[in-house]
Each structure stands twice: as C-alpha cells, then as structure tokens.
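Participant: Protein sequence lines correspond, in order, to chains U, F and H. Under our numbering, the first residue of the first sequence is numbered 550, with each subsequent residue one higher. Under our numbering, the first residue of the second sequence is numbered 163, with each subsequent residue one higher. Under our numbering, the first residue of the third sequence is numbered -5, with each subsequent residue one higher.
For the record, the hints were derived by calculation from the structure and aren't laboratory data. Among these hints, one or two may not hold up.
As the list claims (entries may be wrong) - Facing chain F, according to a computed beta carbon distance under 10 Å, are these residues of chain U, among others:
#, residue
1, Asp568
2, Gly574
3, Leu576
What the hints assert, rightly or not - Computed, partial: chain H to chain F, Cβ under 10 Å:
#, residue
4, Thr169
5, Leu173
6, His192
7, Ile198
Even for Gly, the Cβ is constructed at its ideal location relative to N, Cα and C.
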Amino acid sequence: MEAIIKADRLSKDYKIYKDHKGYLGALRNLFDRRFTLVHAVNDVSFKIYPGELIGYIGPNGAGKSTTIKMLTGLLVPTSGEVQVNGFVPWKDRKDYVKHIGAVFGQRTTLWWDLPVRDSLDLLKHIYEIPSDRFKQNLNSFREILELDSFMDTPVRSLSLGQRMRADLCAALLHDPKLIFLDEPTIGLDVVAKQRVREFIQFINAKRGTTILLTTHDTADIAKLCKRVMIIDHGKILYDGEFDELIKYYGGSRVLSVEFAEFYQYPTIDQAKIVQRDGVNVIYSFKRENISASKLIHQLSEKYRIRDLEVQDQAIEDVIRDIYENQLLYN
Amino acid sequence: MNAFFATIHTSFRRQLTYRAANLSGLFTNLMFGFFRAAVLIALYQEQTSVNGLSIRGAITYAGLTQSLIGVMSFFHWYDLMHTVYDGRVGADLLRPINYFSYWLGIDIGRAFGSLIIRGLPLFLVFSFFYNIILPESLIQWSLFALSIVFALLISFSWRFLVNLASFWTPNALGIGRFAFGLSWIFSGFYFPLALFPDWLANFCRLTPFGASLYFPIQVFIGNIRGAELLQGFLIQIFWIVTLVIFGHIILAQGVKKLVIQGG
Amino acid sequence: MRRNLSLLFRLLRIQIRSQLQYPASFVMEVLSQAMILGFFFAAFALTLSQFGDIGGWTLGEVALLWGLAEFSFGMMDMVFSGFDYDAFGPLVIKGTFDQLLLRPVNITLQVLGSRFVLRRLGKIIEGLIIFIIGLSLSNVDWTLGRILYIPVLILCQVLFFGSLFIFGATTTFWTKERLEILNVFTYGGSEIMSYPMHIFPRAIRLLFSFVVPAIFLSYFPMIYILDKPNPLNMPVFTSFLAPFIAISMFWLSLKFWRFGIKNYQSTGS
Ligand SMILES: Nc1ncnc2c1ncn2[C@@H]1O[C@H](COP(=O)(O)OP(=O)(O)OP(=O)(O)O)[C@@H](O)[C@H]1O
Ligand SMILES: [Mg+2]
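Okay, chain U solo, but in the shape it has when bound:
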C-alpha cells in the first residue's frame, strides 16, 4: 500500500529574536536584529498509511504542533520533504486542503458570532459539499456528537466541550481523507473526552479516515492508537506499536499482598518490597526477571496469603518515566 503521508528528513527552525535594550535599541532593532535558532523539528522521517490512527506524543515544546503545521501546509519546512495525499502541502494549498481536515484544540475554525448551524452551512459552500452528502454527514455527526442542544447557539457562548464537538463535526463534513487533531481533548471533562474519543474511533473505523492525533492525555492514546510516534526536542524517539512500548518500558509491575499472619522478613528473590504496613506488603518486580505467576507461586510456598493483586504500572507513569528519564535516548 502507498503511504498517504511521507515525511522525509523534515526539519523546521524558528528564529527567536532578541531585542536590543533601551530607547535607541528600539531604533536599532529595525536594522540589526540578533536571533538564535530553535530546531523545533529536527530531521524527522516517517510514513503513515491510509486508515491508520496514529498518536503523536511528546512533552511540551517537543515539536508536535510544528510538525502538524508543516503537514497541513501552514508552515514551509526549513529542509526536507513532505508529501501528503500526493500533494506538497504548502505548494498546492487550495487543492490540498480540500481533502484534509484539521482541529486545533486551542482555537476554533468556526465563526465566532454565528450559530453553529450557520457556521456549518457556510462550510458547505466553502468546501462545495453536495447537498445530499452534507445532509447525510450532518445527520450522522449530529447524533454521535449530540450537537442538537446547541445548534442555534453562537459559537462564542459554547462551552469548551460543546465547541470541540462542533469543531470536530466541522472538520469532517467534507469527507476528508485524513484529519489532523492537535490536542482535541484539551480541557475537556471525562464525559466529553469519552464522547470525542468514540467519535474519533467511529470515523477511523467506519470511514477509514486516516487520523494523526496529538495529545497529552495518555488515556487517549491507550484507547485509540495502535501506533505511536514519540517526539522530543524535535527528534522522533520512538515509532511503533504502543503496546510494545509499554511492555518494554513499563516493565515494572506491582504485587500487593495481604498475608494471613505477620512475618518479620517476608522477602522473596527478584522482587523488591516497596511498602509495608503490618500484614500488607507491596512488592515491585520486573516482567523480564520473573513472571507474576511464578512470583505468586514462590510466595505462597513460603508464606500464608489471604489476598493479593497484580497491577501494571499506570501507563501515564510509564510515559512520564520515558520523558523524565529520557529512556529512549541511547
């Protein structure tokens, strides 16, 4: 299958200007400006295939939004090549954007003063969506996203969650082949998040729309994406299956035990006691070193157990561990 997004050694540098100080400095700034370069995206290559739903994650300032801006044609790369859906995004802007959709969680595509309905109707004309297609799409999205209660409310008076749902609808009315979602769940409550996730899943599964999603909520990724790309300091550090990542780096697991009697030293090989409170003891162990069943077996041979529970390390903690300890750098 042919890749729908091809990024080849993509880089983007920003110039950060430093102003001269003082009143005369303001004059001098006009002619002589000093700057430093920020390598926001640094030599990044990847391919994305039709129908994929990919999570693009990384800490703040990693370069996610910059990548998305290049993919959507808003920014011209400093170097490298990008081809999306057969177009070079920034070159063939008008033709290219007909086939994509984009939602930026921080801002809206809709008209601030217009009711949602009018905004959507305007998009119909802008994208030249055939009437029957428009009606079909609108009806089905209205239902899933539950837009009906605020169809006639001006966008400026919508809550964040309502606005995001309206924006998602707006981004998909013209049946784009692929959509870019930059933090679509930012600031939403649990219920709204769930609704947005279901919608993303629906679009990807039922329509085969390719989706590139950035988020800071690991649960989004865990629920939606098979493949993730992790970027930090402008470099892609990981590109592969999400489960693999968690399996590999989230190796440590937790075993909580309630013993039937008190033991002075309830030790066991290959597991560490991390917490202890009377008969309640918590062990941590590595998947590579020992399996859970073996550990439980060994424990129950030496001690009398009343109750126990095995847990994986929370996904969020795994990701934080990766970011903080830079586990992906070799």
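Given chain U, put chains F and H with the ligands in place with the hints provided.
Facilitator: Same frame as chain U, now just chains F and H with the ligands:
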C-alpha cells in the same frame, strides 16, 4: 496611598517598555504636527496675528496638540472596557484599593511615561523645525504644569465615565466612539479655537474638552492672562469635581448591577 | 470566479446582517460618525473664513478635494475592512489567519470577506455632503471629460487607499502589532489630499509624490477639473496619471501581500 503609588510606578514602567510602539507613535504625531503647521502657515500667509493668535503661536499650537495626544490619550482609550468584557474586572474590583483610584494610578503612570518618551521628544524635534513660542517665566511654566495635571484629571475622569458604559451594555465601544468624537470636536484639536468665531470658541472653552486641551496650550503660549487665566483654572476645577463625583456615583450603580446580574 | 464572488457575498451578508441587528442604534452611530467627522471640515471652513483662501484656493475648491478624499477613504475603509491593519494583526496572532489558510478558497478573498465595517457609511455620507458643498460653492466649467473623470478618480482613490491598507496589513506579518506609523500614509495621506498640495513644504510633497504618490490622485487631477494654475509647474499629463498610479500601486501591494504570506508560512506565527 501606597498602593496608589505602586500602581503609578508599575504602569509607568510598563509604558516605558512599549518602545517600538512609542517610537512609531512619536513619528506619526510629529508628521501630523508638520501637516497642521503647514496648513496654518498657508492660511496666515503674510498676516502675523489673527484674533490675537500670532502665527508663531498657531504653529506652537500644532506641535503642542500632537505632543499631548499620547499623554492625554484623549481620543482612544478602551482599556477599562476590555477588562469588563474579558472578565478581569472581577479581580480588579476585589483589590484593596478604590477602583477609581486604581485606574487613575494606571493612567497617571501611563501618561507620565508617554510624556517622557513620546511627548517631550516630539516637541523637542518639532522645535528644531519651527520658530516656536516657549513660556517666558518660571511662573508661566508652573502654571502650565498645573494646568496639565488638571487636564489629565479631567481627561481621565471623562474616559473613566465613558468606559463605565460597558457595565451596562455589551456594545459600549459605539458609545465610546461617540463620546471621544465629542472630545475631538470641542477640544480645539483640529484648529486653534482662537481662529473660530467667538461664540463657538467661548462655548468650547467651557466644555471639559476645551478645558483639558485648549486651555493648557493657551497658558503655554501665553495669550491668556489675569482674570481669564483664573477663570480657566476655575473651569478646570469645576470639571474635575463634577466628573469625579459623577464617576463615583455611576460606578456605585455599575458595581451593584454587576453584582446582582453577575456581569 | 462566479463561485468566489458568490462566496464573498455570502460572507459579507453575514457581517452585514449581524451589524444591522439593532437598526436604530446603527443609524444613530452612522449619523453621529458623519457629524463628528464633518466637524473637522466645519472647523476648517470657519477658520478659512477668517482668511479668505488657502494657497489661492477657495473653500468650495478645497471642499471638492476634501469630499472626494473622505468619500473614497470611507468606501475603501468599508470594502477593505479585512485589511485594516488595526484588526489584521490580532487576527494573525490569534491564529485565525491559519484557519483561513486551511480552507480551499483564495486567501485574499477570505480576508476581504472576514470583516465589513458598515458604519463607515458615516464617513461616506460625510464625504458626499462635503463634495456636494464643494460643487455648489465652486464654478466648475463642466465638460464631458471632467464629469467622467470624477467617478474614475473615486475608483482610483479607493484602489490607492486600499493598496495602503494591504501594505499595512502585510507588515503585521512581521511586526505582529499595529504600527501607528502607517497612519501617516493612510489617514495622513487622506488629510494631505484634502488640501491643495502646493501649500506643503517640499519634503512632505516629495514624500507624497514619490514614496506614496498621493499627489497624482487628488491635487493634480483637481487642477484639471478646476482649471487652476499649477504652481509646481508640472506638465499637463500629470493630471491624468491617476489610473496608472492607482493600478500600479494596487498591483504592487498584492505582490507584497503574496510575499508576506510566503514569508509568514516560513516563519510561523
Ligand atoms: N512561531 C514560533 N516562533 C518561534 N518559536 C516557536 C514558534 N512556534 C513554536 N516555537 C518553538 O518551537 C518548539 C516546538 O514547539 P511546538 O509548538 O511544535 O511544540 P509542541 O510539541 O506542540 O508543544 P505543546 O505540547 O506544548 O503544544 C518550542 O521550543 C517552541 O517554543
Ligand atoms: Mg502544541
């Protein structure tokens, strides 16, 4: 009182940081000063004095109005309105300082900053190009300074009052445009009021707008003396008292309304 | 083209509808704007009455210059509202401009359709009234050429001011804020054009002849219409350069606009 001076200080410092904006504003006002001066020179031709206003006085007038625009911020000030519309007003009302004084402090700081990096340099440059009139005595300088302080108080109280409209309507910008249009008309900003027919000039002098632009300029170029001078100051004081009292009354109503209806 | 126009009108209709939501207050605002702006001319007329003429031009003659400039500027300010650099800078900073770039429609057209300030009618009305006053106070020897040149001039001035707005809006790609200095050429330009320009010092005249060629759009053409002597001793054809200058300026401003967008796409907001 301490909070008041702290507000002035902060606002002053902030004003000084807008260097590029101030520089560009300075140049703009200077150019407009040149335009107006050229028109006045073309009007005067050989005449040296009309209605008691000399050509030198008229040119000084053109330079001085442009130097004072930024300081008095006469025709464009919607800062308070914006805080009402974006909700910052809530935090401001909770400050342990009188709301009027709070904004007055901000405005004094702004005005002073603007005077130093925009008004004064502009007038200095302007005076290189034209043979202008300067106050002749220390007393005249002091009277001018006093009239400017009073003028700022009038100008601020007027702008404060106009901005308060935003407590009632989401459309106060339109009211502002009209109200600032009035200051535009009656302040003598376009052409020296002395060149108008007497009835109109006298009327403008009585308004808060004439009192805060035309009067200080008259003091500066020294064509007002004795009883008339005293009268001018009395008019200024009248407007300060009236507008401040009125501002506080309206403010109290507005706050009540804001509290009851939650904005 | 047809599609673009119909889309533009659709966008504009939305703007107009929302501005006419409260018709009474809208009319009030338009009229008060016309009055406030008109007062500047009234102040000039009162002042001029103390002197008689300015640079050899009578009140009626100046009123023709003045009304034309106000009318055209008002028209332009309404049609090119989207390019008003006061409003365009914030649009770029807030990322709204990015949203426009994501739509499959010509970007210039979208900016045009993004704002339409109907209350500029106040300035248009004011300009018209002053122009009519000018007509009644001055003795123009109306030939067919002179009559036809008036609408041409209006169109030229609209394009001319429009190009200044486009230049101004484009600079905000770099500055990210409104630059007051641009007012010297836009509002200042229209003020300069309201007077017989030989009254200004040489430096100002040169600035408004060669950097921002305002002189070719009001003063020189009006010399032809009023059949006035030209104290600057310019050849007669300078009265007829307006269309050429206006179209070139407009073309240049669109080039610069394109260049600005290119640059914006390579530096980001
Ligand atoms: N317009 C710009 N000019 C200069 N530097 C910029 C610009 N936009 C982004 N940057 C810088 O580029 C780097 C990458 O920013 P980017 O917005 O792509 O990060 P991100 O991964 O989307 O972060 P976040 O999770 O916080 O949204 C950061 O260091 C940022 O400060
Ligand atoms: Mg981002």
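Participant: Report the numbers of all earlier hints that the structure fails to satisfy, in ascending order.
Facilitator: Result: no hint breaks.
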